[in-house]
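K.L.:
Spelled out, the chains give:
Number of protein chains: 4
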Amino acid sequence: MSRHLARLALVSSIAIASLASPLATGVADATAIVEAEVALGRRLVAVGYMRRFDAAHRAVKAVADSGDIGAPVMFKGVHRNAEADYGILPATVVVNSAGHDLDSARWMTGEEVTSARVFALRTRDDLHPATRDLLLINLVLTHGRHAVSEMDVNAGYGYEVSAELVCQSGTAHTGQADRVLVRGHANRGVPVAADWLDPFQEAYVAEVHDWIGSIAGGGPFTGASAWDGLETALTAAACIESIATGGEVRVVRPPKPALYLG
Amino acid sequence: MSRHLARLALVSSIAIASLASPLATGVADATAIVEAEVALGRRLVAVGYMRRFDAAHRAVKAVADSGDIGAPVMFKGVHRNAEADYGILPATVVVNSAGHDLDSARWMTGEEVTSARVFALRTRDDLHPATRDLLLINLVLTHGRHAVSEMDVNAGYGYEVSAELVCQSGTAHTGQADRVLVRGHANRGVPVAADWLDPFQEAYVAEVHDWIGSIAGGGPFTGASAWDGLETALTAAACIESIATGGEVRVVRPPKPALYLG
Amino acid sequence: MSRHLARLALVSSIAIASLASPLATGVADATAIVEAEVALGRRLVAVGYMRRFDAAHRAVKAVADSGDIGAPVMFKGVHRNAEADYGILPATVVVNSAGHDLDSARWMTGEEVTSARVFALRTRDDLHPATRDLLLINLVLTHGRHAVSEMDVNAGYGYEVSAELVCQSGTAHTGQADRVLVRGHANRGVPVAADWLDPFQEAYVAEVHDWIGSIAGGGPFTGASAWDGLETALTAAACIESIATGGEVRVVRPPKPALYLG
Amino acid sequence: MSRHLARLALVSSIAIASLASPLATGVADATAIVEAEVALGRRLVAVGYMRRFDAAHRAVKAVADSGDIGAPVMFKGVHRNAEADYGILPATVVVNSAGHDLDSARWMTGEEVTSARVFALRTRDDLHPATRDLLLINLVLTHGRHAVSEMDVNAGYGYEVSAELVCQSGTAHTGQADRVLVRGHANRGVPVAADWLDPFQEAYVAEVHDWIGSIAGGGPFTGASAWDGLETALTAAACIESIATGGEVRVVRPPKPALYLG
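Protein chains in written order, with this note's numbering: chain A, 1 to 262; chain B, 263 to 524; chain C, 525 to 786; chain D, 787 to 1048.
Hints are computed from structural coordinates only; laboratory data are not their basis.
Among the hints, erroneous ones may be present.
Label-pair ranges, simulated between beta-carbon atoms [said to hold, decoys possible]:
#1 C/G737 <-> D/D984: 37 to 47 Å
#2 D/D984 <-> C/D589: 49 to 59 Å
#3 D/L983 <-> C/P744: 36 to 46 Å
#4 D/Y872 <-> A/A258: 41 to 51 Å
Computed, partial: chain A to chain D, Cβ under 10 Å [unchecked claim]:
#5 W107
#6 H128
#7 N138
#8 V148
#9 N154
#10 V166
#11 S169
#12 Q176
#13 D178
#14 W196
#15 A244
#16 G247
#17 R250
#18 R253
Yeah, the Cβ is synthetic: ideal placement off N, Cα and C, and Gly gets one too.
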């Protein structure tokens, strides 16, 4: 959402949700939104990281939180899209697609990002020379933890998202909501979805329900806050800089306002 | 639902759904309901075989209907409940639990049942002597097809339902909507649901939506009809007789009224 | 193997193995071989049911034998071949292919077959009218146990064998020795073997090793004995009769000689 | 193997294999061995990277080599051991365990390593302060390709190795040779091996067969050569330096002798 729209909403004390493209805001806009919320003294903005409402992601987090296999030490994500536009630039990949993975890493581990090192690849010679369509995003987290995410926007075969939490004595991995296993043509396999609509339809519905409930007075929105949006924007900026420079980039954040604690 | 409730509804031309225990009616009641609907000239009763609205079952049927792996020749079902009441009788198992499998066999293959042969087992010596808690239901279908269903009400480890259509050049099997794969304690596995609430929650919702839509004028209910309920009741009766006699029992049905054709 | 060859071997006290087509002998020949061994007072014949040496089948049996999920109450087998000769007769399917499943049912449950009821299907209209290429074999076992096996010689998509032991509080199912999982072409799947050579290569090697070891004095052959061969022959004959008559056929056996006890 | 043993063998023109701990040699020793072979003009040393003989790894490579899903662009490895000695140092983890992964990355992609960046974690507070038991190894490969390997020596739940080649329009992942799927105790899962003996037993046998065949005159050993050993030693040294410095370390190698081309 734009800073202006968010500001307008905040000034009017109207709850607002940015469910479709949560990372359309950059660091400056995200900061302005946080500052406006702090000035208002209320959290009104909901940021649309729908994986926080996905049953599989929640089940993985629940296993880690249960302590049954120890605390999480590493997040491993996979995010593949079937095909990207010719000439897609790495910054676009980070902002439009990888933002979800950056949020997952924070949310699922409960840690913050201290630095980013992204290895960026061009998968085919016939792509635009500036395109980097396969990113391996390394995030150093607080408390000596780590996150690594494969972001592949030209995966070719379809759309897939997975997340694994490597814990101290085991791992928890998102299950795959396969509907049908087909044996045929010398193969035993399952169809892969073409895009994100189908795999995350229920998560979107759950997110909207939660948001409507929060407006209707049922309590705070339990998804990502404006602060979470700022965290992702800061990490995304570090990722983009890492791709540009080929180096490791520290993530520096302002002090967390009391509004977003607890 | 009781015959009386159904009759009342039909007399009043009120649509009525029996979504919770679709097989509570026996052959006599199911016949009476069909006759009442035929007399009225309208289909008002919805029978709650929610698997017809389950995404996995529908995906399996869709693969078979597509012809990609040929036409279905055999239905194979598995239906396991964690634990049954002590002293449960085979007729109760058939009526309360296996009814869903009998409906699946018909719906997924598009065939009718011509005879039933049920092998009924008692899985433990400490069960009531009359209990048969594990049934292997064989149904001879029209056109030389077959259905076989394992119905196990004392499976112990949890609740699971699956269906496979063996087709002419492949098979389609319901996928498992696993939410999390856990590696821990020398095991790589997924938690199994304790009962049917969780696995079929969405199917129930879809069924109710469809039914409400049909009442609201959006067209006919696309789930099981009163005639389907009668078919299941007839097959269930044959299964119960087969368990009692140890033999194969033919299923004989009245002519299908025009109301239920097409 | 022929009765004459077996007799010759026995007369000469030479150990002999029938590893390739274990069921080539019928009841008469199998009986003669058993009688010859009993007369000789030694077990010299090894019958080639190589699944007894397959790591997956052994692991399933080991889980059941461990008691961790209770005792086995039902055996469920699947045996699919890609394609059969045009005009294949049901008796050929039973003798050449299903013999392995009949042996598995006995070996894995530790029970004997008391009767057989086979439902026999013709999967396509363009097959020979007498062909039955898809069998569902129901075997009533001792102690109120049961076995059911799908034998499909025109499965189309490839070769697959699986076995599941339904136990009192869980089940054990053969794992699938998949070598590679391929994501591609909108599918996530594994290649299916074309025939039995690849899946059972190691089992054959293990079986031959065991047999050679037994000849070399390392102790008795641990695979199927002549008596096991006779049991399979008797069950196969019952299956063939069941297909012909459409009824249930009892399996009657001679008293088990002391040579085969323990 | 020690440089001295290798030298002795080479001087004597005796083929020698280092199958158990392929990375016991450091860069200096590996260089000396290569130089000795070059002086001799023959390849006599076999290095024991047994995964090159593992059916699953070979199947993955075969899919990539087939071109069906495009060329490989990224290697992703997972290597987990149940438990490491208290106080294990990162260099030991790299040399004793991760060497296999470094070799897999080169062998499976056909690329060379140009730099390494290893993120090293200590998974529990009660471990020795200098221990780093969970490594995420990033290798920049030639032609803009990448490899990433998780090396976890305190995985707790057991031993697992997997490899995935992300290709241009799909991925190929090692299958899991599961022997038994157990449903029980509210879980559907497979046992995980305790160590590498069981999963790689057949690969070791195949490797030894290949090596014996090469000595017996059946052609060159098709596994890793002394040059491959040197490549791994160079990469391992870079990994160890990266852990120590927290930076990215280039891998520099001498020119490849003609003896190892082709």
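K.L.:
Compare the structure with each hint and give your call.
P.N.:
Cross-check of the supplied hints:
1. For C/G737 and D/D984, the hinted distance range of 37 to 47 Å is not satisfied, since their beta carbons lie about 22 Å from each other.
2. Look at D/D984 against C/D589: about 19 Å separates their beta carbons, and that is not inside 49 to 59 Å.
3. The supplied range of 36 to 46 Å is broken by D/L983 and C/P744, whose beta-carbon atoms lie about 28 Å from each other.
4. Checked against the given bound of 41 to 51 Å, the beta carbons of D/Y872 and A/A258, roughly 42 Å apart, stay inside it.
5. Interface restraint check: A/W107 against chain D, minimum CB-CB distance 20 Å, threshold 10 Å, status violated.
6. Interface restraint check: A/H128 against chain D, minimum CB-CB distance 14 Å, threshold 10 Å, status violated.
7. The restraint placing A/N138 at the interface with chain D holds, with a minimum CB-CB distance near 6 Å, inside the 10 Å limit.
8. Interface hint at A/V148: satisfied, since its Cβ lies 6 Å from the closest Cβ of chain D, which is below the 10 Å cut-off.
9. Nearest Cβ of chain D to the Cβ of A/N154: about 8 Å, under the 10 Å cut. The hint holds.
10. Because the closest C-beta pair between A/V166 and chain D is about 7 Å apart, less than 10 Å, the hint holds.
11. For the restraint placing A/S169 at the interface with chain D, the shortest Cβ-Cβ distance is roughly 3 Å, inside the 10 Å limit, so the hint holds.
12. Given the 10 Å rule on beta carbons, the hint for A/Q176 is violated: about 13 Å separates it from the nearest Cβ of chain D.
13. For A/D178, the suggested interface contact is broken, since its CB lies about 14 Å from the closest CB of chain D, more than 10 Å.
14. A least Cβ separation of about 18 Å between A/W196 and chain D goes past the 10 Å threshold, and the interface hint is therefore violated.
15. Contact between A/A244 and chain D, as hinted, is not supported at the beta carbon level, the nearest pair being about 16 Å apart and thus beyond 10 Å.
16. Below 10 Å, beta-carbon pairs count as interface contacts, and A/G247 has one with chain D at about 8 Å; its hint therefore holds.
17. For A/R250, the shortest C-beta to C-beta distance to chain D is roughly 12 Å, which exceeds 10 Å, and the interface hint is violated.
18. Against a cut-off of 10 Å between C-beta atoms, the interface hint on A/R253 is violated, since the closest Cβ of chain D lies about 21 Å away.
Checked against the numbered hints given earlier, the structure breaks hints 1, 2, 3, 5, 6, 12, 13, 14, 15, 17 and 18 and satisfies all the rest.
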